[in-house]
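> Listed here are the chains, written in short residue letters.
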Amino acid sequence: MSEAVWQRGDLLGVAELSQAEILHVLDTAESFVEVAARPIKKVPTLRGKTVINLFFEASTRTSSSFEIAEKRLSADNINFSTSSSSLSKGETLLDTARNLEAMAPDLVVIRHAHPRVPHALAERLASGVINAGDGAHEHPTQALLDAFTIRRRKGRVEGLKIAIVGDVAHSRVVRSNVLCLTRLGADVTVAGPRTMMPEEPESLGARVVYSLEEAIEGADVVMMLRVQLERQARAAFPSEREYFEFFGLTAERLRRANDDAIIMHPGPINRGIEIASEVADGPWSVILEQVANGVAVRMAVLYLLAGAKSGEDGPTL
Amino acid sequence: MSGSVLIRGGRVVDPTQELDGPADVLVQGGRVTACGPGLPAAENVRKVDAAGLVVVPGLIDMHVHLREPGQEYKETIDTGTRAAAAGGFTAVACMPNTDPVNDDPSLTEFMLKQAERAGWARVYPIAAVSRRLEGRELTEFGAQRRAGAVAVSDDGRPVWSAALMRQALRYARHFDLPLIQHAEELALSGDGVMHEGRFSTRLGVEGIPGAADDVMVSRDLLLTADTGGRYHLAHLSTARSLDLIRAARADGHRVTCEVSAHHLLLTDEDVFDSGLDPNFKMHPPLRSAADRDALVLGLADGSIDAIASDHAPHHPDEKELDFVASPNGIVGLETTLSLCLDRLVAKGVIDLARLVDLLSTAPARILGVPGGSLAPGSAGDVTLIDLEREVEVDPAAFRSRSRNTPFAGWKLRGAAAGTVVGGRLIELS
Numbered sequence: 042m043s044e045a046v047w048q049r050g051d052l053l054g055v056a057e058l059s060q061a062e063i064l065h066v067l068d069t070a071e072s073f074v075e076v077a078a079r080p081i082k083k084v085p086t087l088r089g090k091t092v093i094n095l096f097f098e099a100s101t102r103t104s105s106s107f108e109i110a111e112k113r114l115s116a117d118n119i120n121f122s123t124s125s126s127s128l129s130k131g132e133t134l135l136d137t138a139r140n141l142e143a144m145a146p147d148l149v150v151i152r153h154a155h156p157r158v159p160h161a162l163a164e165r166l167a168s169g170v171i172n173a174g175d176g177a178h179e180h181p182t183q184a185l186l187d188a189f190t191i192r193r194r195k196g197r198v199e200g201l202k203i204a205i206v207g208d209v210a211h212s213r214v215v216r217s218n219v220l221c222l223t224r225l226g227a228d229v230t231v232a233g234p235r236t237m238m239p240e241e242p243e244s245l246g247a248r249v250v251y252s253l254e255e256a257i258e259g260a261d262v263v264m265m266l267r268v269q270l271e272r273q274a275r276a277a278f279p280s281e282r283e284y285f286e287f288f289g290l291t292a293e294r295l296r297r298a299n300d301d302a303i304i305m306h307p308g309p310i311n312r313g314i315e316i317a318s319e320v321a322d323g324p325w326s327v328i329l330e331q332v333a334n335g336v337a338v339r340m341a342v343l344y345l346l347a348g349a350k351s352g353e354d355g356p357t358l
Numbered sequence: 087m088s089g090s091v092l093i094r095g096g097r098v099v100d101p102t103q104e105l106d107g108p109a110d111v112l113v114q115g116g117r118v119t120a121c122g123p124g125l126p127a128a129e130n131v132r133k134v135d136a137a138g139l140v141v142v143p144g145l146i147d148m149h150v151h152l153r154e155p156g157q158e159y160k161e162t163i164d165t166g167t168r169a170a171a172a173g174g175f176t177a178v179a180c181m182p183n184t185d186p187v188n189d190d191p192s193l194t195e196f197m198l199k200q201a202e203r204a205g206w207a208r209v210y211p212i213a214a215v216s217r218r219l220e221g222r223e224l225t226e227f228g229a230q231r232r233a234g235a236v237a238v239s240d241d242g243r244p245v246w247s248a249a250l251m252r253q254a255l256r257y258a259r260h261f262d263l264p265l266i267q268h269a270e271e272l273a274l275s276g277d278g279v280m281h282e283g284r285f286s287t288r289l290g291v292e293g294i295p296g297a298a299d300d301v302m303v304s305r306d307l308l309l310t311a312d313t314g315g316r317y318h319l320a321h322l323s324t325a326r327s328l329d330l331i332r333a334a335r336a337d338g339h340r341v342t343c344e345v346s347a348h349h350l351l352l353t354d355e356d357v358f359d360s361g362l363d364p365n366f367k368m369h370p371p372l373r374s375a376a377d378r379d380a381l382v383l384g385l386a387d388g389s390i391d392a393i394a395s396d397h398a399p400h401h402p403d404e405k406e407l408d409f410v411a412s413p414n415g416i417v418g419l420e421t422t423l424s425l426c427l428d429r430l431v432a433k434g435v436i437d438l439a440r441l442v443d444l445l446s447t448a449p450a451r452i453l454g455v456p457g458g459s460l461a462p463g464s465a466g467d468v469t470l471i472d473l474e475r476e477v478e479v480d481p482a483a484f485r486s487r488s489r490n491t492p493f494a495g496w497k498l499r500g501a502a503a504g505t506v507v508g509g510r511l512i513e514l515s
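Chains R and W are the protein sequences, given in the same order. Residue numbers for the first sequence follow my numbering, beginning at 42 and rising by one. Residue numbers for the second sequence follow my numbering, beginning at 87 and rising by one.
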């Protein structure tokens, strides 16, 4: 069955995925959720497969999520990061690819600060490539885990009103999420101050507003983006206080959303800046479910790609 | 460089003589001595049969980077001028961002000597405005002019300080040198790597707003008006900058501008469609379709003076980095003429006489160098063009040492068939 829908050897972006492919990942992830509940959280699915996690940019959350997913699938994994790796700035993509190839990995998970580096490496590598975030471009596994979380909570994605609020200009999470959620039939609105909006933001494919209140009016899902505090230097906003005043999600503001609205955040959260603690810790919050689901979704992605790349039927659970 | 040659039987297109028709061109002692139909064959003069070809004043590329001295792994004066000859250019003006920077007459002398040794085309060095291109102290414009420099520029960087710009315009005026500006407000271009617009938005790429150019052009034009200097805007890329140039010219200021073939033919959508291929990265970036359309209009209505390649060779290893990490610039000497013939002349945007003006007569006038005309007394520099020849852009076949072009695989009709420099036929093979 997986052969019919899933033929890809790489997961580079949501942009390339059809609705059927997205749904197939989500359906596959369902079967991996229960692995986390087992006393021995391990299946032999990727035994004998080598996965390299190549993080050219610091990451704790995404890299640990991938690492756990790989270990639970019994893959042999190894982590390179910029601090520990000789793969450094200035090496050509071809040299990077050749060095990786020499170690004969089955899959390479890549995070890079520059857009489309995973795509460029995928063209040069025989092994499968998973984009774990390329600059402000795409973060496909984040979008898939978000869609998975929404579907689990709401039973569907189609027809839901979803607001994504924050630094839209510099967020890879927003780009992949808009692509993913609109492809699944959601009604997506993005919002943020004008200094955090890219040029012609409508080209992302969502409705664009410039106020938090307007964005969350009647929303079923509110996704808050992390404010990059280091970007304050670029004068995107003058102070954390002012940001919270106008774009911070409080319980009071949340009343505009639907009663059963859920609150999401890709983490790590800045309490009191983009989100009040009462909201982050409140009954609406599914932030920790996102983290848990992230492992299941990444297991699904690793499983599908390893199966597609080996050309054989995927091993059973 | 002086020789004699009779070019017979071609169609001569020379806007300076309002000439477009069958004619012969006689060059003797390095200069054009006659231009007209049915010239008699003199003794001891080499004859070139130009039947079926267009004969025009030698093309001049007023904006190239030859990389010598210092970055000979990208290009040398020999390989760069050979590329120029292959592309139909009899002369190039080379920017001073070499290593060391051309901020001293000895560098200009060195470049001229290397060009003479190579012998493929004339080279006109452009001297730096500021020492080491640091934007602090002026260089010796007078000594540079005496050594052979034809203009001053800090190209690759803007003359950023308004105070230095004002002094440079005044001092260049003293020596009647044009100041060629790379107009970029660095505070606005920031970390940007492509045009800021809907395609940078979709890619999540840091953008360079059109305003980065426009703000600097605007300031420069005020200073040009203030000083009475001669200002030439390099690689014009936005509709607003073009409007500013038009207005300054209408006010009588001494302002000229050039545009590159790639800014006339490509847009930020091509960057997107290429999947961020580093061969689509340059400064200024490929702009929006609206900007591109405005530039094409400006070309047709006479607002734009010249077409220049901004030939910027980079080693294949440098373009094997990712888009953000790779250096700015593409080569253009071997593609510009064919691109213009196929995409501008054949499409009826401009006629052949206007193209000759843009690629020869205007650059000669702006830089104050010989050529740009086939009227008797002019430099004996001639380009032969075959309008029917079909070419496919093949970077592997470039004479340039570098291969960085976004036009690989383009099929174009019309190409250079040969050049004559100072009456000497340039033979490439």
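To be clear, the hints were calculated from the coordinates, so they are not data collected in a lab. Here the structure is a predicted model, which is why all the values come from computation and not from measurement. Be aware that one or more of the hints could be misleading.
[Unchecked claim] A few chain W positions that, by computed beta-carbon distances, are all more than 12 angstroms from chain R:
#, residue
1, Q103
2, H260
3, G283
4, R288
5, G290
6, E404
7, A503
[To be verified] Partial pick of chain W residues on the chain R-facing surface, computed with a CB cut under 8 angstroms:
#, residue
8, V91
9, E104
10, L105
11, L125
12, V140
13, R284
14, S286
15, G293
16, F358
17, G361
18, D403
19, E406
20, D408
21, V410
22, A411
[As the list claims (entries may be wrong)] So, partial list: chain W residues that the calculated Cβ filter (under 10 angstroms) puts toward chain R:
#, residue
23, S88
24, G89
25, Y159
26, L289
27, L407
28, V431
29, V435
Every residue, glycine too, gets a C-beta built ideally from N, C-alpha and C.
> Compare the structure with each hint and give your call.
Hints and how they fare:
1. Q103: Per Cβ check, W:Q103 is outside 12 angstroms of chain R; nearest 48 angstroms; holds.
2. H260: 41 angstroms, holds
3. G283: Violated: least Cβ distance 5 angstroms, not greater than 12 angstroms.
4. R288: It is violated; W:R288 is separated from chain R by about 6 angstroms at its closest Cβ, not greater than 12 angstroms.
5. G290: The claim is violated: W:G290 sits with its nearest Cβ about 3 angstroms from chain R, within 12 angstroms.
6. E404: Answer for W:E404: violated, closest chain R Cβ roughly 8 angstroms.
7. A503: 38 angstroms, holds
8. V91: 46 angstroms, violated
9. E104: 46 angstroms, violated
10. L105: 48 angstroms, violated
11. L125: 56 angstroms, violated
12. V140: The hint is violated - W:V140 has no Cβ within 8 angstroms of chain R, the shortest such distance being about 42 angstroms.
13. R284: Holds: closest Cβ of chain R sits about 4 angstroms from W:R284, inside 8 angstroms.
14. S286: 7 angstroms, holds
15. G293: 6 angstroms, holds
16. F358: 10 angstroms, violated
17. G361: At 6 angstroms from the nearest chain R Cβ, W:G361 passes the 8 angstroms test, so the hint holds.
18. D403: Since the shortest Cβ distance to chain R is 6 angstroms, the answer is holds.
19. E406: W:E406 check passes; min Cβ-Cβ to chain R is 4 angstroms, inside 8 angstroms.
20. D408: The hint holds - W:D408 has a Cβ within 8 angstroms of chain R, the shortest such distance being about 5 angstroms.
21. V410: The hint holds - W:V410 has a Cβ within 8 angstroms of chain R, the shortest such distance being about 4 angstroms.
22. A411: W:A411 check passes; min Cβ-Cβ to chain R is 7 angstroms, inside 8 angstroms.
23. S88: 46 angstroms, violated
24. G89: Result: violated, 45 angstroms to nearest chain R Cβ.
25. Y159: At about 14 angstroms, which exceeds the 10 angstroms cut-off, the nearest Cβ of chain R leaves the hint on W:Y159 violated.
26. L289: For W:L289, the interface hint holds, since the closest Cβ of chain R sits about 5 angstroms away, which is under 10 angstroms.
27. L407: Hint holds; W:L407 Cβ to chain R Cβ min 6 angstroms, cut 10 angstroms.
28. V431: At about 34 angstroms, which exceeds the 10 angstroms cut-off, the nearest Cβ of chain R leaves the hint on W:V431 violated.
29. V435: Where the cut-off is 10 angstroms and the nearest Cβ of chain R is about 28 angstroms from W:V435, the hint is violated.
Violated hints, listed in ascending order, are 3, 4, 5, 6, 8, 9, 10, 11, 12, 16, 23, 24, 25, 28, 29; each of the other numbered hints is respected by the structure.
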